[in-house]
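Visitor: Please arrange chains B, C and D on chain A, whose structure you already have, making use of the hints.
There are 4 protein chains.
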Amino acid sequence: MERLLRKCQIRNQLLRECLAECLGVYVLILFGCGSVAQVTTTQEKKGQYLSINLGFALGVTFGVFVSRGVSGEALHLCVLGRHPWKKLPFYIFFQVLGAFLAAATVALQYYDAIQAFSGGELTVTGPTATAGIFSTFPADYLSVWGGVVDQVIGTAALLLGVLAIGDQKNSSIPDGLQPVLVGALVLVIGTSMGSNSGYAINPARDIGPRLFTYIAGWGVEVFRAGSWWWWVPIVAPCVGALLGTLIYELMIEAHHPASPSELQTSCVEATEGKPGLELEGVKSD
Amino acid sequence: MERLLRKCQIRNQLLRECLAECLGVYVLILFGCGSVAQVTTTQEKKGQYLSINLGFALGVTFGVFVSRGVSGEALHLCVLGRHPWKKLPFYIFFQVLGAFLAAATVALQYYDAIQAFSGGELTVTGPTATAGIFSTFPADYLSVWGGVVDQVIGTAALLLGVLAIGDQKNSSIPDGLQPVLVGALVLVIGTSMGSNSGYAINPARDIGPRLFTYIAGWGVEVFRAGSWWWWVPIVAPCVGALLGTLIYELMIEAHHPASPSELQTSCVEATEGKPGLELEGVKSD
Amino acid sequence: MERLLRKCQIRNQLLRECLAECLGVYVLILFGCGSVAQVTTTQEKKGQYLSINLGFALGVTFGVFVSRGVSGEALHLCVLGRHPWKKLPFYIFFQVLGAFLAAATVALQYYDAIQAFSGGELTVTGPTATAGIFSTFPADYLSVWGGVVDQVIGTAALLLGVLAIGDQKNSSIPDGLQPVLVGALVLVIGTSMGSNSGYAINPARDIGPRLFTYIAGWGVEVFRAGSWWWWVPIVAPCVGALLGTLIYELMIEAHHPASPSELQTSCVEATEGKPGLELEGVKSD
Amino acid sequence: MERLLRKCQIRNQLLRECLAECLGVYVLILFGCGSVAQVTTTQEKKGQYLSINLGFALGVTFGVFVSRGVSGEALHLCVLGRHPWKKLPFYIFFQVLGAFLAAATVALQYYDAIQAFSGGELTVTGPTATAGIFSTFPADYLSVWGGVVDQVIGTAALLLGVLAIGDQKNSSIPDGLQPVLVGALVLVIGTSMGSNSGYAINPARDIGPRLFTYIAGWGVEVFRAGSWWWWVPIVAPCVGALLGTLIYELMIEAHHPASPSELQTSCVEATEGKPGLELEGVKSD
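Residue numbers (the working numbering), protein chains in the order written: chain A, 180 to 464; chain B, 180 to 464; chain C, 180 to 464; chain D, 180 to 464.
This is chain A alone, in the form it adopts within the complex (with noise of 0.2 Å):
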């Protein structure tokens, strides 16, 4: 077997962090959307609103532990630019694909489930609608607008909670329980920030499922709903990263002082034999 898996072994770093990638985001979406077919199709018996805001939080907590020893949590840091541009394009498919295949994996678990509930027929709204278990949809009064700023909203929290995590000027945070942290603000996002549009506050979370949705039979319809509300959960975490991390930039890290502790490597990290944390690496862009 060993040896089974050292034939396999890619030494091509790209190709292993955009496997990583797509791991982690398809961990991600396996209990977070999971738990919202587990919800919707029991009409609440087997969990509730916060049950779905746990499935996120500890989805992205055990997708960034997958991912993360190889290519960093790419999930953000693929908006924030820290890595080169031209390896941006190969980590967005393999995330997207990552999405994809989890929700095709979700499907298939809730396969008789879904059946069950929806009386065989997919819809996208209505009461027996399943198209919200992969993707976000709209609540009935928001507008186009106002959905815009919720997510920019959103995705700027999300940004302002991760750079504040991953600075080690203010938060000094044990390595290993990063992700644990990252968790627990998606967490928070997801109390405070879920009810308008279902905090997608981030691209390929929403289009990945969305694109298995369309091929799996709920059609067109998937992009239509909510005067085509696909492309908000794209576009606004984009502006809504940028606007968090200049808030960020400009309120708390431009003004530390420049110290020689920012050139040592802590004692945990050396003894551990790992050459730095990868949201650490965040402030370096």
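Think about it this way: if two alpha-carbon atoms lie no more than 20 Å apart in a straight line, the pair counts; the simulated SDA-like pairs of lysine to any residue are:
hint : chain 1 : residue 1 : chain 2 : residue 2
1    : C       : Lys186    : B       : Pro436
2    : D       : Lys265    : D       : Cys417
3    : B       : Lys348    : B       : Pro436
4    : D       : Lys348    : A       : Leu193
5    : A       : Lys265    : A       : Leu193
6    : B       : Lys348    : C       : Gln192
7    : C       : Lys265    : C       : Leu194
8    : B       : Lys224    : A       : Gly311
9    : B       : Lys348    : C       : Gln188
What the hints contain is simulated information worked out from the structure, not anything from laboratory work.
Guide: Here is chains B, C and D on its own, set in the frame of chain A:
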């Protein structure tokens, strides 16, 4: 970009601290009041009282993470008077400003939701009241005196817990996890002391959003409601903070035997190049 | 102020420990019974059974944080008999005192709420009963024998878990996080063993508040209810603690190979100038 | 006492490991099935589906804390085949025994409650069914094939997560916190994959309690229900564990560049005198 940021660098320590305070309280209110907005406008369909408790708890955690590297956790330190007294007015102003801006952000993000829920009428009491999203109001049964007692006990409990967490002789919690425990403390205060009058337990948390609602259309009723309730969450927490500090000092802190270890900085701190825990500093006042 | 505190300094070790015990149990009951008060008087509108579980869990966590630096976690250690036996009566007295005072505080904080909920009548049974806020009562279906079994199993599970957390050969949990895990243990005991008779699993936690309700107006019914239930949460936990300790010792602890590492203090402890983990000490009895 | 314990000391490593396994699974089932018993017999008045998820999650956490110092986390390691194959039958026997005894304990603790809830009739299906407290049964809509898929995906997700947590190149989680994260993993599997068939994802967890109910009065129906469902949670998890391991190895593990750091033990481990992380060992198979 980096050069631009360097130009913006503020070397004035007080201004840096004030900016950090402002952003810290902003994050707290954004997540806290955002959770109330979500639960209120969805009529508990997307969240319950527990998600409000989680919203304020994690709001405090991430608010502290954002500001602690620069200013320490002024939220509580101001009350404790650890910082020089002449800094206090600046801190208070920027904290209230942060809370005010966060309330404005929540109102912006939930604009459509509040319009749909309230039918466009911004009221302070009644079945579609929305002022409670932003600032606290007492339960119908609560007397003013009962409200004062409630806020004094709540803030005393907060201070007891914060001092225990920061007392290195007692807890020896890893530096990076103290904000998480302060969040857990706010969580349990929310589950055990939230129903009487909404656990403001902090003047800035309450008056900033109240000022916003006063200006933004809810009118003078936000001050008049609950027999002019508004002054209680400003005055009572100051008394409670003093009381909690006294209890902890008299029952625990004062009796610690003096030891040389007080002068040592722990290994963890030393390697991370941070001069000291800010919460630890509480005991030196 | 500092000089005043120095004058108050108590050098008597036993008195210091007793004060710490008193305050630790006070915090536990303040948050625990406070959560029950909130859920009861709001008729589950501001909290559910899970928030009660969280209240007692985090109450234990912060109670331990408050007292551990001085007295160790006497809550459990008393039962285990780790401290010299002659100290036991003092500990018990101050623990019961702390629980009594905390119950009085909860009654004060929820005075208006209890009046409004109960219509001013302080009853032990019936639809507006409020004695259950303070001390435990068995479910209608529970026989006395069933209650004894329930409390023995609950306390045995508590001890099993506490011993596993404190057993350095097994867990190697960072010192500062042990109270958090003890809280998590109390949480899971609450979700899995709470419905029969309210998981007192600690004599002081139950008799202190019961004495308060007896004096404060609920009358002798607090002892008579549930076929004189009151003695069960005092006697059964002692049996359960013994049983849990025996099981852990016989199945795990006794078979650890003796090793020189038992004599070493870990690096983390050494650098923080603390002579030893108090929970760790459990194994030396 | 200590001398007595020394006499009981078992030097046989396998027997020690088996005892630890037995107690570990016992704790898992005691808290997990106990939570189901509480929610079932109180008809969700004292807990909801989320408290069941918490029960199993923290059950796993404390089960691992109890057993890990002696035997490693055999729950998963057995499936992974990390231990020598000839030990496997012993492990399995003692795990099933632990689950069986825990089910008996839950039945004892909830005897009165089960009698009151079910009217004394121990049934497997219907409105007052109580067999589901102990072992898993599929939802009405679930086909056998759907159940197999459900269990394969659930166990694969478990293994993916466990391997990521234990992979030092990826996560670098402090040793003592790994059981907490494994618990969080079980929590999110419960919120996202629990509604189809109760996330057994472990043969011993399911067959032990099922055997108990078979003997204790529920009869052969516990095997017959759900079209002879009982074999699915035994067979499918084995397939799922293999699948999850393969995916992680092929997508992440196999591509780690070999490094000298693999041979070093981390500083934390060394100072605590523990030869190695047991979960870490997973990667060496």
